[in-house]
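Got chain H; can you put chain X on it based on the hints?
Listed in order, the protein sequences are those of chains H and X. Position 355, counted from 1, in the first sequence is what the numbering used here calls 355; the numbers after and before it change by one each time, with no gaps. With the second sequence counted from 1, adding 790 to any position gets you the numbering used here.
It is possible that part of the hints are untrue.
Using 27 angstroms as the maximum straight-line C-alpha spacing, the simulated DSS-like pairs for lysine-lysine come out as follows [what the hints assert, rightly or not]:
1. X:K901 / H:K780
2. X:K873 / H:K57
3. H:K543 / H:K570
4. H:K145 / X:K901
5. H:K57 / X:K919
6. H:K662 / H:K450
7. H:K770 / H:K410
8. X:K854 / X:K901
9. X:K876 / H:K57
10. H:K77 / X:K873
11. H:K77 / X:K876
12. H:K780 / X:K919
13. H:K410 / H:K37
14. X:K854 / H:K57
Chain H residues, not near chain X, derived (Cβ > 12 angstroms throughout) [claimed, not checked]:
15. R24
16. G69
17. R104
18. D119
19. H155
20. Q198
21. E434
22. L441
23. F589
24. D679
25. D703
26. V707
27. N729
Worth flagging that the hints you see were computed from the coordinates, not collected in a lab. Note that beta-carbon positions come from the ideal geometry of N, C-alpha and C, so glycine has one too.
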Amino acid sequence: MTAAERPILPKLVGERIKRREDPRLITGHATYVDDLKLPGLLHLAFKRSDSAHGVIKNIDTSAAEQMPGVELVMTGKQLAEILGPMPIGTPFPSPDHYAIATDRVRYVGEPVAVVVAADRYLARDAADAIEVDIEELPAVVDPEKAMQGEPAAVHEGFENNLAVPYVPGGTGVDPATMEVDNSALDKAFAEADVNISQRMTNQRLAPNAMEPRGVVAHWEPGKEQITIWSGTQNPHILKTMIAAQLGVGQHQVRAIAPEVGGGFGCKINIYGEEYTAAAISRKLGAPVKWIEDRSEAFMATTHGRDILAYVDLAAKRDGTVTALKLRLIADVGAYNMLLTAAVPTLTMLMLNGTYDIPVVRAELTEVFTNKTPTDAYRGAGRPEATYFVERAFDMLAHELGMDPADVRRKNFIKKDAFPYTTQMGAIYDSGDYETALDRALQNAGWEQLKQERDQARAEGRIVGLGLAYYVEVCGLGPSASLPTGGWEHAGVTIERDGRITATTGSSPHGQGNETTFAQMLAEQFGVAFDDVTILHGDTGVVKQGIGTFGSRSQAVGGTVLMNAGEKVKKKMAKFAAAMLDANEDDLVFENGMISVKGSPGSGKTFAEVASFAYVPVPLPPGVEPGLSDEAFWEPENNTYPFGCHIVMMEIDRETGEPRLTKVVAVDDAGTIINPMIVDGQIHGGLAQGIGQAMIEEVVYDEDGQLVTGSFMDYAIPRADDLPWFEMDNTVTTTPVNPMGAKGVGEAGTLGSTPAVVNAAVDALSPFGVKHVDMMLRPEKLWRLMQGGGA
Amino acid sequence: MEISGEYHFDAPRSAVWAALLDPDALQAAMPGCERFEETGPDAYDITLRVGISAIKGTYEGTVKVTERSPEDSYRLSVDGGGKPGKVQGTALMQLTEDGGGTRVAYSGDIKAQGAIARLGSRLLGGSAKMLIGQFFKEMDKQVKQRAA
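The shape of chain H in the complex, shown without the other chains (with noise of 0.2 angstroms):
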């Protein structure tokens, strides 16, 4: 085939190609964690508390020794003498936290001992034949009794329970020296037309990813190295750790994340069970496996969401929010997490919402219980944050008589004001409310829904319309905001056949980079898609990184990867160029080839280049051989994606069922590269957060027990809960990062969650309802049918 036969490459950035990773796994052929199999493999399984709060007096572990097959039992003190306390990433001060308890429980499914075994199945049974003694203390369950030291500590020295005691934000406040100056706030809420004020709550969520956690680790004693394998969002993070935690050099780690079945936050903290695998492998010089069941991942796995808000609004009759004050209450469970107490700080930095309200006063306070620890789940404290400020909107919509899109059109920051400052000390990057706005309500019809919803009533049905708009801040970030560096790494290398591979140290889970990036890359050297393959989640392969999480692979490790990937193209270019005997900025890459601009037959083939770089006679002056390279980059600020998500729901009038029969969403994540995973992204965040507004709740019982350990008690969406989605774009580039990409992985559960509520409350408000807390029980609707409270 000659170069001017050779077939036209089509677009790549901005279609909808297939995911590639989806072939293998759907038909089973996918490799995660417990696919692993090693010689000498042995098998752990935990001895968790069933207490919520108490002191282990004894532990007797004789019968699970004895088992055959048994080849270790720890105790937490035992595992304590080579195992220290685990490290998080957050400035608060923090109690000790081992990763098998010591002398203390503080939640249900608390390791207290670990069994070493030759299998899965007699660890399981060895660990069940270890007894317990716990002297039961008070379960602390309620955090605003915990706040005020009722009815225990759940940590000595953390007074009234207080995770983190008291930090304001926002307007009047004094970030250098934390002085509160509360007279614009009091100003407003004084000469304000209309308060509102109302007590909401959004509750503690399980992340359930399909895939449980999952570890394997192996310390090869001859070599004095480590290769942990694990379902985790990011490996290097995890190398970092282990190798601090075992007090080794991080040559010694290899931290590899083969195919990981979701993660949705969870999967970001290091945990107690890879540090255990980690020190076990070490002490008896064997690789060691240890996989979560369904049910030790309700009580053992972080859970979500948790914080509850007093939230108070001030406004003009016309609608102009004139101050917004929000106290937040955090329950993060009995211990600090790897980023536990900086989601609710999230929660805190975008209480400006979409809006241009000029006082906005956030208090927050972060309270120990004796429950599950929180940590990231999808979102991470930004829906909680569009949750109460699109709540408080409505509930002022309700209250003024106004329609809701119209009280949100008052008061959205304008698209010419950015960057924008928000009183919660944010910057946004761009923004263009109006536009996505409007885009929903014709979507969705709004004025023909509105006059449905009215004709339903007039039937005596209960239908309600929800809308609710969110801005989210993504893309993480600069160094500055994050503990484990903001940046993010990639490598490319053109192989001697004329292929691309590259490394990125985003570490998917679902996010479908080895797609977009592939795309992104083919287009950037004119290459054809199937020639570039995209590797990830291997330290041992690539060189750096940071991870996934908070909608950053697109905006930051998107952004490195074009980066490594013009290096190495400009190199290539001076090859070519001697090759050519051309100005290597003559040259254009397309279609296979690399030719001089405006000849395209008279080029060579991209693979024909490669060769040359590697086996370059003569070597072209000033150029070493080969064709590979790298970069970092961080963006020197976050993104900030927005959207409007409307719902039309209908309540049963003699059961409480409701139902949704319209969700329409429009999103704006800037830069699109495929819109069909973007499409996928929001697919999935939107029946998150649909879930948590109408049926995922984690519940305790006074006692501190875990009443939802399972499916059969705790519901996730399923796809018969969920109408038909109509979903669109708009697009407002941001100017952080060349590609002008801003994330699109959590956006889904922003805006949904409280546009059900907000549907739930307009449906009810002939019933007087004017606030329902989540979830939407059936009971609790028809309860408030009939006069009563939720």
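Relative to the frame of chain H, chain X by itself:
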């Protein structure tokens, strides 16, 4: 979790009182009771085998009778544990005349830990009601046998 209910015996209060607090009758009436040993006045060690769904298993525990007010009321406390977790229950049992027979009303509280709480809390109320129902039915037989 709070539980309450009542059962009607076609027998005088004295006969019902005597049966309810008789170790042999108690042993016979407790569903799945495999061991029942008196360890002191009004205190017993027991082994129960329960065959219901998530709370299935063998439980070792103690039964105590306190706050005795003869033929009128007493408090029954059961504390047990097994592989599925721990259960603690306490109930005030009140006996009253009821049209020539006796009404026994119970009201109390059940606490659970472990898999019972996590997996079985939805079933716990129903299971407890069922087991209590079986207990009274069997106790009824015991009362009748004694009268015969």
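We went through each hint and held it up to the structure:
Between the alpha carbons of K901 of chain X and K780 of chain H the distance comes to roughly 25 angstroms, so the proposed pair stays at or under 27 angstroms and holds. In summary, the hint linking K873 of chain X to K57 of chain H is supported, as the alpha carbons are separated by about 19 angstroms, within the 27 angstroms threshold. With a C-alpha separation of about 22 angstroms, the suggested pairing of K543 of chain H with K570 of chain H holds against the 27 angstroms cut-off. About 21 angstroms separates the Cα atoms of K145 of chain H and K901 of chain X, which keeps this hinted pair within 27 angstroms; it holds.
Among the hinted pairs, K57 of chain H with K919 of chain X is inconsistent with the structure: their alpha-carbon atoms are about 34 angstroms apart, more than 27 angstroms. Restraint check: the Cα-Cα separation between K662 of chain H and K450 of chain H comes to about 13 angstroms, which is no more than 27 angstroms; the hinted pair holds. Of the supplied pair hints, the one linking K770 of chain H and K410 of chain H holds, its CA atoms being roughly 22 angstroms apart against a limit of 27 angstroms. Straight-line distance between C-alpha atoms of K854 of chain X and K901 of chain X comes to about 16 angstroms, which keeps the hinted pair within the 27 angstroms bound.
Between K876 of chain X and K57 of chain H the CA atoms are separated by roughly 17 angstroms; this keeps the pair inside 27 angstroms, and the hint holds. A distance of roughly 24 angstroms separates the Cα atoms of K77 of chain H and K873 of chain X; the hinted pair therefore holds under the 27 angstroms criterion. Between K77 of chain H and K876 of chain X the alpha-carbon distance is near 25 angstroms, which keeps this suggested pair within the 27 angstroms criterion. For the suggested pair K780 of chain H and K919 of chain X, the alpha carbons sit about 25 angstroms apart, so the restraint of at most 27 angstroms is met.
Between K410 of chain H and K37 of chain H the alpha-carbon distance is near 60 angstroms, which puts this suggested pair outside the 27 angstroms criterion. Pair hint K854 of chain X plus K57 of chain H holds up; C-alpha atoms about 24 angstroms apart against a cutoff of 27 angstroms. Every C-beta of chain X lies more than 12 angstroms from that of R24 of chain H, the closest at about 34 angstroms, which supports listing it as non-interface. Every C-beta of chain X lies more than 12 angstroms from that of G69 of chain H, the closest at about 20 angstroms, which supports listing it as non-interface.
Look at R104 of chain H: its CB is around 16 angstroms from the nearest CB on chain X, clear of 12 angstroms, so calling it non-interface holds up. Distance to chain X confirms D119 of chain H as a non-interface residue, since its nearest Cβ pair spans about 20 angstroms, more than 12 angstroms. The beta carbon of H155 of chain H sits about 22 angstroms from the closest Cβ of chain X, which is more than 12 angstroms, so the claim that it is off the interface holds. Consistency note on Q198 of chain H: stated as away from chain X, and its beta-carbon is indeed over 12 angstroms from all of that chain's, at 31 angstroms minimum.
Look at E434 of chain H: its CB is around 48 angstroms from the nearest CB on chain X, clear of 12 angstroms, so calling it non-interface holds up. Every CB of chain X lies more than 12 angstroms from the CB of L441 of chain H, the least distance being 42 angstroms, so the non-interface label holds. No Cβ of chain X comes within 12 angstroms of the Cβ of F589 of chain H; the nearest lies about 58 angstroms off, and the non-interface call holds. Every C-beta of chain X lies more than 12 angstroms from that of D679 of chain H, the closest at about 36 angstroms, which supports listing it as non-interface.
Interface exclusion of D703 of chain H from chain X breaks down, the closest Cβ pair being 6 angstroms apart, not more than 12 angstroms. Once the 12 angstroms rule is applied to beta carbons, V707 of chain H is inconsistent with being away from chain X; the minimum gap is 4 angstroms. Once the 12 angstroms rule is applied to beta carbons, N729 of chain H is consistent with being away from chain X; the minimum gap is 42 angstroms.
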